[in-house]
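> Now for the letters of each chain:
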Amino acid sequence: MVVKCYNTSNDKKDVNKALTLVKEVNLEVKGGNNIMDAVLVITNPTEVTFNYVQIVDPPYNGRYYFVLPFNTESNGIVRLNLHEDVLMSLKSQYLNETAVIERQENEGNLYLVDGEFPSENRNKIFFKEFPNGFDIGLSYYLTIGG
Amino acid sequence: MAIGLKETKYSLVDESTGEVFTFNYGKMHIENGTIYIDAYGDDIADWFFHKYLGDKSDVTRVFHFNDLMGLKLSLTASQYNDVIGHVVANLYIEGHQWENDGRYRINVRADIDGKKDSSSSPNAGHGAVGLMYCYMDNEPYQGMSIYPAHFVHRFENGYFYKVPYSAIGNKPYYQPTNNASASQIDAGQYIGSVWDGYWSQYPSQYILRDYNTLGFSDSGNIGKQQPTVIEGFPFSPSGDGESGSKGGQGTMEDSSTPIPIDEPRTLFVGNLFRVYNMTVTALSELSNFLLDPSFTASVSKLFNDPMDYITSLVAIPFSAFGGNDEPITIGSVTSSISAKRLNNFIADLDCGEINFIEYFESFMDYSPYTRVTIYLPMIGYININVDAFQNDKLALKYRVDVLTGQCVAFLSNSKGLVASYNGNCAYHIPLRSRDYSQMISGIANATASTLLGGVSAPSFNGALNGALNFKPAGSVTTAGAFSGNSGVLTNRKPYIIIERPRISIPRSYPHNIGYKSEITSKLSDLHGFTTVKAIHLDSVVATAEEKEELETLILSGVVLP
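In order, the protein sequences belong to chains A and B.
With my numbering, you'll find the first sequence wraps up at 146, consecutive numbering, no jumps.
With my numbering, you'll find the second sequence wraps up at 1561, consecutive numbering, no jumps.
One or more hints might be untrue.
To be verified - 25 Å max Cα-Cα, derived SDA-like pairs, lysine to any residue:
| hint | chain 1 | residue 1 | chain 2 | residue 2 |
| --- | --- | --- | --- | --- |
| 1 | B | Lys1547 | A | Pro59 |
| 2 | B | Lys1547 | A | Val15 |
| 3 | B | Lys1397 | B | Ala1347 |
| 4 | A | Lys12 | B | Ile1497 |
| 5 | B | Lys1415 | B | Ile1497 |
| 6 | A | Lys13 | B | Ala1534 |
| 7 | A | Lys17 | A | Phe70 |
As the list claims (entries may be wrong) - Calculated Cβ distances over 10 Å to all of chain B for the following chain A residues:
| hint | residue |
| --- | --- |
| 8 | Lys4 |
| 9 | Thr46 |
| 10 | Ile77 |
| 11 | Arg79 |
| 12 | Lys124 |
Note that these hints are calculated values from the structure, not bench results.
Fair warning: this is a prediction, and the values are worked out from it, not measured in the lab.
Glycine residues also receive a C-beta, built at the ideal position from the N, C-alpha and C atoms.
The shape of chain B in the complex, shown without the other chains (with noise of 0.2 Å):
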């Protein structure tokens, strides 16, 4: 509609149809691809543009404030004390959308220029027709007056605000453009709609809360808005706008970034030490060429023990290191046994993964009521939280580090890494007296430390939500961690141990004890039994000791036609 327009002294001209719209009783003029509305007089106009039909007291609505979007408007100070105030004000309509509260908001920036002033008086006009949030330099401006209006009203905090004009009782009203006369809103002009609260019930008067709040309705026709009851809404702000926030204005932003287990690192160490995957016949061939007398002639002589370049020998149920077959070099000397030299110290191993599917489609699949223990080889058992991989899959992978028997079982569902554990998969293997007496101390010394260890019954908490009557889950599992050696001489495969309630349920238990709901319906909407958490008979004209029994019933629970 901006496009293309035209401006004369009080209206526009459509130039690609020739039509003529006019602000009414305002003067309005286009400069620079800005629309200026000088708005005075005693008969205020409302935000509309309207169609010029010749004659100004025969005009009809047009345009509703949507229909400015886009546009630049500038107001400019009237030499009228009433009207708006003396603010020069251009401003930005920059956008529209319901709030949470249930309220339109309608997006105004606005570059103030010149004094600030937000007094008005009452005066012949139309009410209110809008909620303006403003912004000046990206902050929300105060004390502004956006709209004329029938009644005396002030802009805080982003909220436009109106008092009722005492006259006609505190309802709203608009005045016409040609009829000085109020009417009562009930007539269903176009002034604008109520909320904050709702309508009453009541169809002979509007029951108006806090009123002192008009709005818009987004269909662009201006008038009785009916709120909608929003199921679920889980917050909704009390106390007026001026107090600052109450709460229940969160992002609700759901984004959650998947976290993946990292790349094993690459170890390079050269020549400064190898590792090689021996057989047992290898094994049996490196022992006597360690003790013949050749080898030990021939080997620099940096150890009296050629035992001593010996660094380690472990055995590990795991196999898929990488590396090449090549004859084992001990210092100096080559022999001719070949094994396979690793490449790479750190190796993983997939397990593999288990979904886990929704047993009982209830509350009951997730924890406290369900519970798992997970068994990893090389660890113990471990209790695991069910509500992270409930619906989803338990994925399970070792990392494995040959030099140390290290290993880490990383657990992960669809989204990411959820936990992880170490223990130790290497059985190492004493080559002199020495390393077998520091063997065994260490073996000691780490059972007394972790006996019955490393699985905590989690607490459990029989308040939770009201009373349960469901037996805890308690820990089938009593094993502690795994230390030292230990772990090879364990089960090799991870498994995981489920729990979960038996329930009884008596077929009648719905017609007579009914599901948890929580929702808002209307009663003639539901059927069976029903017991109500909630309800005001605000409509149901009755003694109040009929009410009273009345929700008494309700509340106990009754039986929906």
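One chain only, chain A, in its complex shape (with noise of 0.2 Å):
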């Protein structure tokens, strides 16, 4: 099959992965008991210069993959073991859905009381006086009856 061999230094919840393209090749790919997860057997493990692939050919259909650690046999062979990054795999779909957001990096509502806001354990004080009071001196009322 056609693999497209890329590295990456994006993290796994990056949506967008910056790829750099290694190698496209063609390569044996074992399937595994779902389209998720997948083995690269490859022959010589000096040809492992990647950490992410694509799949190009059917079933797998343009997947992306995690190159996962992998063994090597006693006859040199190595088999990658390959997880699906359904996050770049599937972007074109589900970035159309709409969702309920729970927290966000640029559309937050500080209003909204966040129970992850760190404080320190001493609070802050302030005193306001009022423009006006009583009387610094005193005046003398006398009631008379009568």
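Mind assembling these two chains? They're in different frames, but the hints should get you there.
In structure tokens:
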């Protein structure tokens, strides 16, 4: 199958990953129980110079995969375990979905109570005086009956 | 349109333009300003007036149902059992509006005359076009079919219901006026829009929820209706209308009545007693006057002790009582000592106001995170609810009664009176030994009951809205209320003490954790770190395992491009 081999330094959480193409090769791909897991069979361990792949041909149809830790067999064959990066593979579809957003980097509402806000164990104390008050001096009031 | 129309047997003529309008396949006449429509026949037309072009098969829909606003229509019974039943009704179209649940309501008031029958049967004709809310005697009327429809239909609780015509697989369709064969609504014809849920994301078919209600678009062009997602709309009634109200239809009426501070009352006492504002000099002179033998000889013998004429002597740090200078009169004797005699015993002291401006511009500006204690002279320290004054003013006014020394402090914001507290601002000066004894006794009793009272720490719910790592704003002040003569011993000017949390937010907080959002948004409209509370991946074509992992990742937080 045609496999594009990339390097990426992006975090797993990033939807868009910057990919640097290392090579495009024909490799043997062994499928697992589902389309999300696959195994690349590589005969020469020195060829493993990438950490991210895209498998072009069906049934993978251009899906993207992380390269997981691999095993080198006694005969020198390397079996690269792959796990699908669904964020990249399905990006064009789910980004059109509407969702209820819980937390956001730019679209926050600071009036919502947020228990994640860290605070120190010392409060700030402020004093503010009213402009006017009672007189400093005393006034005397005599009440006389009759 | 209704003005200047002249009836003909099957049409209306606009006298101003000469245009002729007809109601398809129905008898119509106008009488006394009322348009009467007799709908009958195998091929039932809808509620449109069509411009008559001379050929019945060549008609163009001209007027939408909206154009009938203000008209009085009368729907008479037909000899055909399958036409809206045996109902004679005068219909008054009174308005139309969008409902909060996304449905479009046309208000029709109906005067029912005659036997009521909501029966109908499927027949060739057009599909339902309206959601009718009908009144009879100002009460929603049930069981009246307003509109001839293609399907069996009923009218209950103010809603018009239709049953899908099974022959075409539960999809809405219409019957063109001159086309006997059924067509799918996909053809984009005018029959009406479907709501009660939303259009399916799949463009090739419509997924109808509770498919038994149709409605209008308000553009005048009935057709596919894309419902509007109302941001922040808090309520959406659940269930169908048949089971009664499910709530969410509150008025949301936000008006508030401002509560002013009442003007002080005027106490009229005539000459039953007099209150004088005495200077220190006048007090000295008066004491000499009272002990002078000429006074005791002259004054009428009501009392053995001249001091019995003196009701009270108090010292108050407040002098705004009005009055005029006059000689002091005791009993029947007028002295030569002048003092201001008060003509009003109650006066106000305006202490001014403090403006509260949000310090954080966030939830932390409000209770329980920010706490405010107010020192009220003559009263004590009081915890107040900062929410009532945030982004507003805190105005303080005292009302003082010179006779009793009682004072009331009024706290108000721009909307009105919020709270009032009472205290005593008079220092009672004992004139005789028994006065002194009573005063000391009273002070001791009052102190015992108010020790460390007057201020109570508010209960702090640490579990409010989830985990909070804020230090509860503790009570800075521990002083209690002032009682007896102690009020005048304290500070004379009021002030507030504000306690605020000291936050420590790392710079990368927005990108690594994000701010609370609670909005509805398309993911492609957002950028940066995002965690999702709820999402339905209906449109994603993928395996179940892929969708499950995708949803897990999105809910835990992803960085959107």
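> If a hint holds in the structure, say so; if it doesn't, say that too.
Consistency of the hints with the structure:
no.	hint	verdict
1	B:Lys1547 / A:Pro59	holds, 17 Å
2	B:Lys1547 / A:Val15	holds, 15 Å
3	B:Lys1397 / B:Ala1347	holds, 10 Å
4	A:Lys12 / B:Ile1497	violated, 49 Å
5	B:Lys1415 / B:Ile1497	holds, 23 Å
6	A:Lys13 / B:Ala1534	holds, 18 Å
7	A:Lys17 / A:Phe70	holds, 22 Å
8	Lys4	holds, 20 Å
9	Thr46	holds, 32 Å
10	Ile77	holds, 28 Å
11	Arg79	holds, 21 Å
12	Lys124	violated, 5 Å
Checked against the numbered hints listed earlier, the structure breaks hints 4 and 12; every other hint is satisfied.
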